[in-house]
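Undergrad: In case you want the letters, here they are:
There are 4 protein chains.
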Amino acid sequence: MARNIEKDKQMRWERKQHILECALHAIAKKGVSSVEIKDIARESKISVGSVYTYFKSKDDILKEVARKGQEEYRVFTKNIAENSDMNSLDKLREICTIWLDLKSNWAYTILLQSVRSNETIHGELRDTVTRRFTRNLEPISAIIREGQENGTIKSGVPLEVAFYFVSLIQGLTLQRVPGYEIPVNIDVEGIIQLFAQKTH
Amino acid sequence: MARNIEKDKQMRWERKQHILECALHAIAKKGVSSVEIKDIARESKISVGSVYTYFKSKDDILKEVARKGQEEYRVFTKNIAENSDMNSLDKLREICTIWLDLKSNWAYTILLQSVRSNETIHGELRDTVTRRFTRNLEPISAIIREGQENGTIKSGVPLEVAFYFVSLIQGLTLQRVPGYEIPVNIDVEGIIQLFAQKTH
Amino acid sequence: MARNIEKDKQMRWERKQHILECALHAIAKKGVSSVEIKDIARESKISVGSVYTYFKSKDDILKEVARKGQEEYRVFTKNIAENSDMNSLDKLREICTIWLDLKSNWAYTILLQSVRSNETIHGELRDTVTRRFTRNLEPISAIIREGQENGTIKSGVPLEVAFYFVSLIQGLTLQRVPGYEIPVNIDVEGIIQLFAQKTH
Amino acid sequence: MARNIEKDKQMRWERKQHILECALHAIAKKGVSSVEIKDIARESKISVGSVYTYFKSKDDILKEVARKGQEEYRVFTKNIAENSDMNSLDKLREICTIWLDLKSNWAYTILLQSVRSNETIHGELRDTVTRRFTRNLEPISAIIREGQENGTIKSGVPLEVAFYFVSLIQGLTLQRVPGYEIPVNIDVEGIIQLFAQKTH
DNA sequence: GATGAATGAGAATTCATTCAT
DNA sequence: GATGAATGAATTCTCATTCAT
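Residue numbers (the numbering used here), protein chains in the order written: chain A, 688 to 887; chain B, 688 to 887; chain C, 688 to 887; chain D, 688 to 887.
Watch out, some of these pointers could steer you wrong.
Which copy? The list can't say, so a pair holds if one copy fits it or any two copies do.
[Said to hold, decoys possible] Computed cross-link-like contacts, BS3-like style, restricted to lysine-lysine with a CA-CA straight-line distance of at most 27 angstroms:
hint, residue 1, residue 2
1, Lys743, Lys765
2, Lys885, Lys743
3, Lys745, Lys841
4, Lys755, Lys790
5, Lys717, Lys732
6, Lys750, Lys694
7, Lys703, Lys745
8, Lys765, Lys750
9, Lys790, Lys696
10, Lys703, Lys885
These aren't lab readings, by the way, just hints derived from the structure by calculation.
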């Protein structure tokens, strides 16, 4: 009996995660504000009613997708930042490459943008997303500082430089709308060189 | 008589422009897909019905706002690019400063963003916006090329570097949600230095 | 122009009243909690969407119907209470007769009951309805006091007796469900005699 | 074996009764039409699915709650009516006191009210409830007749007077919404005096 | 032309009932 | 039998567009 309760909780959690992932895909396809519960249900291969078994409302889902995305991003950048086997530029390179490679990042970036820029969305959520974004600059900021100390990254307030780096990547990501990509090549090395300190 | 017809046409054109500006503000406040015709009417201080006297549909308005914004942007960057009184870095500086200063740019950037990423919006519009965005990279690209030739800007495919420059500025712009700004300072000089060629 | 604005306001007010009356009929037919916006729209001979032009929500309509009903009841009893051409028992007789005759009173009584007994309804509304009910006892209470003073009505705390009188009438009203009436005759004179002071 | 079957039947009956009582509480809290199977399950401390093990449908539960309540009421009034140790007025007094004291009566009265006035409820049930209500007037009617014969109760058609008595008590009961009571004292003696025949 | 009420198609949400475990 | 997740029909509410004044 106790085992079943545990198992049920586990199952419920897993299904929630599944729906969140499917919601992200649905958002990637239709855009945050056009996505319908129907789309999320279809993508998750469950009924519309069932979505409401796991989430209170559509807003609730969007909130959770944003949270999940930001948390995963934090783990992703933190792991790279703390990896002592890589030098600073390689860390930025890695972040840039993986970030621009992941298809889901587009949807996730769009989502965060929408959440933040949509006045109809409850202030608390916008606040939270903003706060998390700011906190998520820290690992990048640490990499920048480290690079500046060993002379491989350009000088400048680390947090500000991190902000530019992230904005640049997000700006590029937003241009990569599936089906409507800007037809200009993106070269990770070129991007990294913007932040690299030339040595002679 | 002919004069009156001319005058009427002129009036009509002016009112359309007024509505477009107000629509941009309304969009900036509520997001492209949440904005209602009622919002645009209220912002323009006219009635809902009158909006339809000047525009065929909501989609029509979005299309026009996007077109107007992108055209003004093209004129803005082109003028700076062709100004022979400024050096290349100063041109970038000027674009960066003015762009980040203008409040309406935030709304306009959001709008383009939303138009391109919103699947419910007619493909033709998304196509047009994308094409114009690409073409609008040209003046910036020209500045980059010029700067590379006189050794003040870093090397790299000019169009790609221009793409990074614009993406960076747009990425930063999107973070500046009125009331929910990321609390990190933006220093134009720091941004320009990313693209500047160090001389010894 | 000023005339039109006035006229518009007047029209709007009249249509609201019309919808409220139709809503009361719809409620009378289907019961408070089963009544749908569709029913109210049909009864008012307007579209569902139009109902929302005049009222914010279904709850808003119920609230207004309750308010309107209680206000009309207050005017009704006050007018009778203050009529110096009738003696006290005639006043009670009149109230009783008219109240039990009016078909809409059934719906209205049901509505007030539902509002008060339904826990899902916002406390503020329940509070207001309760307060108004209490205040509306006053005219009846005045009649009772007057009758006691001239020896035609039984003794007892006037407000309490008024409460019994109103509860009795409301209790009877509630039994008169259209189509499911309790097959027992209601004799106004018999009811009045319960409250009358026998003289010898 | 046979004994087990008996025991099972007994258990099943007891659980049904338990659910019915809990359903009454749930209905009292949320109103007949707002009450959800979930509420009844929660109140009964069993699962939603289990409710359906004992009852065919929500309607079935409502029907049973109403039947149970009306039957208990019949037994209650019949016992008092037939009690030869009490005089007629004492009998009314007893009914009045106990009825107004019992908290569950409020819920039960609301329930009957709602069942009868709710058009979405099956006509057969509404019919049955109405018929039982009428039949349940008989014991009260008998008390009235008895009182009239010994000169302690006012004259009038006994069934009609009984109808007024019950309506008055039910009317008062309905005003006593937990937490939203009408702030007027209820004095059983005052009520009884309305029906008492003054002797000189 | 200007206005804002009217419309109805479409989206979010609820909940009685069923069903797999 | 017990459980609670799954279902989808039904309901409330929204909003672009039309239309009468």
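Undergrad: Hint by hint, note whether the structure agrees.
TA: Each hint, compared with the structure:
1. Taking the shortest Cα distances, Lys743 and Lys765 never come within 27 angstroms of each other, neither inside one copy (31 angstroms) nor across copies (49 angstroms).
2. With identical chains, the CA atoms of Lys885 and Lys743 are never at most 27 angstroms apart, being 53 angstroms at best within one copy and 55 angstroms at best between copies.
3. Neither within a single protomer nor between protomers do Lys745 and Lys841 lie at most 27 angstroms apart by alpha-carbon distance, with minima of 44 angstroms and 47 angstroms respectively.
4. Proximity of Lys755 and Lys790 under a CA criterion of 27 angstroms is satisfied intra-copy only: 16 angstroms inside one chain copy versus 31 angstroms between copies.
5. Taking CA atoms no more than 27 angstroms apart as the test, Lys717 paired with Lys732 passes inside one copy only; the shortest distance there is 17 angstroms, against 32 angstroms between copies.
6. Taking the shortest Cα distances, Lys750 and Lys694 sit within 27 angstroms of each other inside one copy (25 angstroms), while across copies they are farther apart (38 angstroms).
7. Taking the shortest alpha-carbon separations for Lys703 and Lys745, only the intra-copy value of 13 angstroms comes in at or below 27 angstroms, while the best inter-copy value is 30 angstroms.
8. In this assembly of identical chains, Lys765 and Lys750 lie within 27 angstroms of each other by CA distance solely inside one copy; the values are 22 angstroms within and 41 angstroms between copies.
9. Within a single copy, Lys790 and Lys696 get their C-alpha atoms no closer than 30 angstroms, and across copies no closer than 39 angstroms, so neither meets the 27 angstroms cut-off.
10. Taking the closest pair of Cα atoms, Lys703 and Lys885 never come within 27 angstroms of each other, the shortest separation being 48 angstroms inside a single copy and 52 angstroms across copies.
Going down the numbered hints, you'll see the structure goes against 1, 2, 3, 9, 10, while the others check out.
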